[in-house]
Amino acid sequence: MARLLEYQGKEIFRRFKIPTPDGRAVRSIAEAQEAAREIGYPVVVKAQVYSGKRGKAGGVRVVSDETELTAAVSEMLPSRVRGLPVDALLIEQKIEVRQEIYVGITADPSTRSPVVVVCADGGVDIEEVAQTNPEVLLKLHVDILRGVYIYDALNLLRPVPGMTSREKLGIARILCHLYALYRKHDCKLVEINPLALTADGLIALDARVDVDGDAISRQTELNIEMAEEAGDRSATLLEQIAGTIDRQDHRGTVHFVQIDPDLSYTREHNRIPFGFDCVGAGASLTMMDELVPLGFYPVNFCDSSGNPVGSKLYRITRVIFSQPGIEGYVFVSCISSQQLDNTARGIIKALKELYPETGGQPNIPTVLAFRGAWDEDAIKHLADHGISAGRWVRVMGRDATEQDVAEAFRTLHEEWKAERGIAA
Amino acid sequence: MTDNILEFKVRSGGTITIALDRCVECETKACIEVCQAQGGPLVLDDERGVPSLRWSLAEIERGGCVECLGCELDCDLYGRQAVTIMLPLERFDEYLDSLTESVVYEHKR
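Line by line, the protein sequences give chains A and B. So the first sequence is numbered by this note's numbering: it starts at 8 and just counts up by one. So the second sequence is numbered by this note's numbering: it starts at 150 and just counts up by one.
Wrong hints could be hidden among the right ones.
[To be verified] In silico DSBU-like pairs for lysine-lysine, Cα to Cα no more than 35 Å straight-line:
1) A/LYS191 - B/LYS178
2) A/LYS146 - A/LYS63
3) B/LYS158 - A/LYS424
4) A/LYS175 - A/LYS101
5) B/LYS158 - A/LYS191
[Said to hold, decoys possible] A few chain A residues that don't get close to chain B, going by computed Cβ distances all over 10 Å:
6) GLU41
7) ARG165
8) ASN230
9) ILE252
10) GLN255
11) ILE333
12) ASP348
13) ASP391
These are computed hints drawn from the structure, not numbers from a lab. No residue lacks a Cβ here, since even glycine has one placed at the ideal position from N, Cα and C.
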């Protein structure tokens, strides 16, 4: 999933005729001062981070003159809001709000359709409201082939009390525009929280636009570099490189994130770093549950699933092995329906190129567990190419549990360490 | 592409090259066997006794080749080492050049 920052979301809102306050994204005090002069005081200064609830965390300030603005910007840039680094601010016109409304569209996995959600009571702590007071949320499940018409949206808003027909019509129009945006940009979630009712009409005070990570390649106008979420930091170069693997080929995916890019966590906590690849994120979690208590730490997460072509496995294996400091490599498939013989071919080609002197036998402990479709073929290919015979290689099949894999890796690693004279 | 080289691009961004002069002497044609098992583009040119393509280059680049890599790997084991698959990784050299610590496969065994 690729989440846009508020100012990027609002740029898209404007293209879809959703009104937003006059605003500018800035990265310095001088830019902020110029923006505020153009917009006119008072203005709102908003930290641009991938997080909600910024107001409660000091990420939103109202300033009424240049002195206050300068003080606010110098405090906020750079700073951290809810643990996230602030690299940019949005300087925006201050709006007098009469009522706040929440509107959003997301995918409902239970009905396999988009669902429009409206809360006339506003969107403060909307996730909690959905749990504790769900009846205040109005929902419209959308037939994706039909879309949303203005009368569908008006029908949804019919039970809302204390609002004029004109106001409801305005919200209904915005819902239709928001749905058009959701579909056009392959979104997983679009949200206006809040949509403000003012004396002059409706206006979107915030914007959340989350684009489906698998659709990045066709959303070129959004200029999204990375689909993966890397938490509170920018994507590393290696993550960006791995991100290009899926760019023009949708046959399966390889999702790669560096958990400890500079090995600082691993070294500080005296852990053993290893490169990691799994078929299925669930298998990855259960595998980590087994390996982490044994003192190992995966320096990356990788999910190579959805039946990726062999070339994707080749590329991602090269990526994983290019992380300095790793003391092992673990590949585990879940009980998978994907064609594991092709998965194995990708790994074999990578290993043969990385280790040409040994015909592909790696110099670090390597456990490969193939469980699922074509697993016996996968194991045979590794044997035929002589990789299974490697001193530091253990190939396992469908009978192996995650615990068996972890134990095999630990045994191999201890032997490897002992042979190299590395102290425990 | 020449009489002695069969070359085609694949969807993920890469090139498969087959040195056909080696294939003439190949008894197994292992590349074709594995490719056909995957429903891929390689077929035998009966006249010359070498691999050829059953679809256009554009169709193959659109996804006709499933990039299983079997042609190269099986040719390596059972054929005449005539197949080379190049699968570039954008900016990977830049990444490797940027490292201050060597990668594990460059360490002495």
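A/GLU41 clear of chain B by more than 10 Å, beta carbon to beta carbon? It holds; A/GLU41 is separated from chain B by about 35 Å at its closest Cβ, greater than 10 Å.
Quick one, are B/LYS158 and A/LYS424 close enough, alpha carbons at most 35 Å? This hinted pair is violated, its Cα atoms lying about 43 Å apart.
So if I understand the rule, the pair passes when the alpha-carbon distance is 35 Å or less; does B/LYS158 with A/LYS191 pass? holds (31 Å)
Decide if the proposed pair is consistent with the structure: A/LYS146 and A/LYS63, CA atoms, cutoff 35 Å inclusive. holds (28 Å)
Agreement of A/LYS191 and B/LYS178 with the hint, judged by alpha carbon distance not exceeding 35 Å: violated (48 Å)
Distal placement of A/ASN230 relative to chain B, Cβ over 10 Å: holds (17 Å)
Taking the shortest Cβ-to-Cβ distance between A/ILE333 and chain B, state whether it exceeds 10 Å. A/ILE333 not clear of chain B: closest Cβ-Cβ about 6 Å, inside 10 Å.
Non-interface claim for A/GLN255: all C-beta distances to chain B beyond 10 Å? Non-interface label fails for A/GLN255: nearest chain B Cβ at 6 Å, not farther than 10 Å.
Closest CB-CB distance from A/ASP391 to chain B, is it above 10 Å? Violated, since 6 Å does not exceed 10 Å.
Run the C-beta distances from A/ILE252 to all of chain B and say if the shortest one exceeds 10 Å. violated (7 Å)
Proposed proximity, A/LYS101 with A/LYS175 (alpha carbon, max 35 Å): holds (24 Å)
A/ASP348 remote from chain B - nearest C-beta pair above 10 Å: violated (8 Å)
Of the hints listed earlier, those the structure fails to meet are numbers 1, 3, 9, 10, 11, 12 and 13, in rising order.
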